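Q: Chain A is already provided as a structure; the job is to place chain B on it using the hints.
Protein chains: 2
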Amino acid sequence: MPQKATFYHAGCAVCVDAEQRFAHALDPADYAVEIVHLGERPDRIAEAEAAGVQSVPALVMEGRPYHINFGASLADVKGAA
Amino acid sequence: MPQKATFYHAGCAVCVDAEQRFAHALDPADYAVEIVHLGERPDRIAEAEAAGVQSVPALVMEGRPYHINFGASLADVKGAA
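These protein sequence lines map, in sequence, to chains A and B.
63 is the number that the numbering used here gives to position 63 of the first sequence; each next residue is one higher, with no gaps.
74 is the number that the numbering used here gives to position 74 of the second sequence; each next residue is one higher, with no gaps.
Isolated chain A (complex conformation) (with noise of 0.2 Å):
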């Protein structure tokens, strides 16, 4: 059964560049992949930090947080929502 892993972005460049990458390069016979944009769930943004996201895009596998380049830090996130 797929584990879950979240991917977290805001919409920018290099957030639709590593979705398309990555988001969807997951082995899905291992991965159910759960895509998140926090531009329009602002609700979900405590979970990510909770997480330890500081950044998307962002995957969280098994609870921890892989970041993936830099689009845009957490902070800038929570403040344009």
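Do not rely on the hints blindly, as some may be mistaken.
[Said to hold, decoys possible] Pairwise CB distance ranges, derived in the manner of DEER restraints:
(1) A:Lys78 - B:Asp43: 31 to 37 Å
(2) B:Asp17 - A:Met1: 18 to 24 Å
(3) B:Glu49 - A:Ala51: 27 to 33 Å
No wet-lab data here; the hints were simulated from the structure.
None of the values given here were measured: they were computed from a predicted structure.
Note that beta-carbon positions come from the ideal geometry of N, C-alpha and C, so glycine has one too.
A: Relative to the frame of chain A, chain B by itself:
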């Protein structure tokens, strides 16, 4: 036929974690991942640099660099190599 992806690292803890997480999570139907330890293969640092790698761990997919969290700068790896 799977595309080539190259995972560059330098043996650091962040690198090992990212390797276990990403290098083996990519769909093997889509990606053939080569793992390169730049500390052991300093002759491949120039190739990583040419692909835009600035720090490790990083994955290069279709010629584009994706830095995953931050383990060490390429400058540090060069200094240590």
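Q: With reference to the structure, classify each hint as holding or not holding.
A: Do the hints match the structure? See the list:
{"no.": "1", "hint": "A:Lys78 - B:Asp43: 31 to 37 Å", "in the structure": "violated, 44 Å"}
{"no.": "2", "hint": "B:Asp17 - A:Met1: 18 to 24 Å", "in the structure": "holds, 23 Å"}
{"no.": "3", "hint": "B:Glu49 - A:Ala51: 27 to 33 Å", "in the structure": "holds, 32 Å"}
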